[in-house]
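Student: So you can see what is in the structure, the chains are spelled out below.
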Amino acid sequence: MGIRARNLSKSFGSAKVLDDVSFEIEPGELVALLGPSGGGKSTILRIIAGLDTADAGEVWLGGARVDGSHTRERHVGFVFQHYALFRHMTVRDNIAFGLSVQGAPLEHQNRRVAHLLELVGLEGLQDRMPSQLSGGQRQRVALARALAPEPKLLLLDEPFGAVDAKVREELRRWLRRLHDEFHVTSIFVTHDQEEAFAVSDRVLVINKGRLEQAGSPLEIVEHPETEFVASFVGEVNVFDAAMRGGKAWVGPLSTKAAIGPLSEKDREPPGDGTRVRLVVRSYDLKFWRDDSGTAVVKRVITLGDRVRVEAVLDGGSPIFAQFPRRSSLLTGIDAGSRIAVEITHARAWPMA
Amino acid sequence: MSEKVLIRPHGGARWAIVAVVVAYVTVVIVVPLFALVATVAGDLRRVLEEILDPGALHALMLSAVVAVIALAVNGVAGVVGALVLVRQRFWGKRALDALIDMPLAVSPVMTGLAFLLLFGRGGWLRPVLDAAKLEVMFAFPGLVVATLFVTLPFTIREVALVLDEIGTSEEDAAATLGATSWQAFRLVTLPNIRHGLELGTTLTVARALGEFGAVLVIGGAISGKTQTATTFIHTAIDERRDATAYGIALILAAAAAALLVVLQRRPRKGT
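Chains as they are written, first to last, in my numbering: chain A, 48 to 399; chain B, -2 to 268.
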């Protein structure tokens, strides 16, 4: 079932949670809503499910406008952030709940529960209570429960937020596999960009109640359309820079930079004297040992397969970069050594 | 939270503290109850004869009926009230919230007087009651109204506490799974608030059976009509029918003990 959201706005008291958000999702897509906490992602999900109502705007599910229809009429599977399993019911009764309230025969319920338990790998646990399960198991029960009535749409609110890193990795792969098998249109909310990119076909970046950008993971990374997206995605340096001679200058450093979303060659650089915010990804930098260089290394931190080098430019701006562990660029780079710095790729946004 | 300081008294001090607590509870609770039981046991035949007296039986029956009505009405009102108080936002909510505890704070005698001003001779509601030919003062409805007032807070408070803790996400989940509001309430909310509801209604029954001041002022303890178990004891003592008073008091104490057993058998929080 496709989804169309048009001009959704919502305020809680004086706080604007959603501000004119519009997007479309094709049937069968797996889409991530990505953004910092409190940006309105969960509210979008709840409005689609009918658990909250928008102050203005429209929600269309599969070609029908659903604003004003009750949640139960929308046939939406919802996986809640903290599972929201029925605490006084067994795993079996939790999963069968949707079928049971809709009056499905017991035999059908039992068959469906058995099938779903197998699908989520929890065979044999049907008589447990939720309190007797681990976090990852609860999450699977929540998924099985949401899938049981065969929803046309699956909404997942921070589905992997409350489980530990290893289980999260496994659940992500499992969700992707599940989606590839059943093709139920799915939206999941996350503040973890790695999760969004690893699992989804398309990412909607949401910040402060606004849709910043919609696109494939690659588009979001390679062609950020706003300063927020550029600086939110990946690990970045953000500098206040001044334009001079077609280049952006940060202290002793300079780089070719073009404004905003379009690639460098399409745009004229901003005029001399324009102050810009320069966004540089941690992997779009080169450091090498050079006693006549422009920065001093402060710390070298090993992060598994990568090494993070933190330095200070002459003039005081901190800067950091990441290199593969065995990169030749790291030769001679230790705390205290002077280095040369080159920016290989940067994006600039004029300061407001 | 501030740092926890553990005091671990040793040897004699520890025994002394335990002994003081046990002695205090014994003097305040056990001794009076024992005196009651011993007195009744010492004169069992006369006590039995006295409490089989129609006036005494009527008083006991009346107390039981009023308690059951309070249980039913304030049980339902408590659940609905708690749902409104916890889940709805409206103007004056804080004031209402504070008001609900009023019956716990004011003296029941004052409550009785307030109702007297409403229902008594020349009372504010008198014209309405007269038109409806309804007698409240010194009549059964008066006992019910007074008991509902004094037992109002228990169920609301206990259920609200649980509702506040469990939040609404399970009900949201039920709605997404196709449940109607009534199904969500019956299958999800009600089982979740069950323990709070049990505790609240148990306290309601205990309080209803024990109420004295308000039912005395409103009901007037008319024998065979508005005399409840507690007001019966009061009258019996006045009339120096000690054996009767002891007998009824023992029955009330037994009822209270039974309610305590119900409370103790509840699973502890966190299950």
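The hints are simulated quantities; they were obtained by calculation from the structure and are not laboratory data.
Nothing here was measured: the structure is a model prediction, and the numbers come from that model.
Note that beta-carbon positions come from the ideal geometry of N, C-alpha and C, so glycine has one too.
Any given hint could turn out to be false.
What the hints assert, rightly or not - Under 7 Å between C-beta atoms, here's a sample of chain B residues computed to sit facing chain A:
id : residue
1  : PRO51
2  : GLU167
3  : ASP169
4  : HIS192
5  : LEU196
Claimed, not checked - Straight-line Cα separation of at most 25 Å, DMTMM-like style, residue types lysine to aspartate or glutamate; simulated pairs:
id : chain 1 : residue 1 : chain 2 : residue 2
6  : A       : LYS213    : A       : ASP114
7  : B       : LYS90     : A       : ASP248
8  : A       : LYS213    : A       : GLU269
9  : A       : LYS294    : A       : ASP319
10 : A       : LYS333    : A       : GLU269
11 : B       : LYS90     : A       : ASP319
Student: Take the hints in turn and mark each one as holding or not.
Tutor: Here is how each hint holds up against the structure:
no., hint, result
1, PRO51, "violated (47 Å)"
2, GLU167, "holds (5 Å)"
3, ASP169, "holds (5 Å)"
4, HIS192, "violated (10 Å)"
5, LEU196, "violated (17 Å)"
6, LYS213/A with ASP114/A, "violated (39 Å)"
7, LYS90/B with ASP248/A, "violated (47 Å)"
8, LYS213/A with GLU269/A, "violated (28 Å)"
9, LYS294/A with ASP319/A, "holds (9 Å)"
10, LYS333/A with GLU269/A, "holds (19 Å)"
11, LYS90/B with ASP319/A, "violated (60 Å)"
Violated hints for the displayed structure, listed by number in ascending order: 1, 4, 5, 6, 7, 8 and 11.
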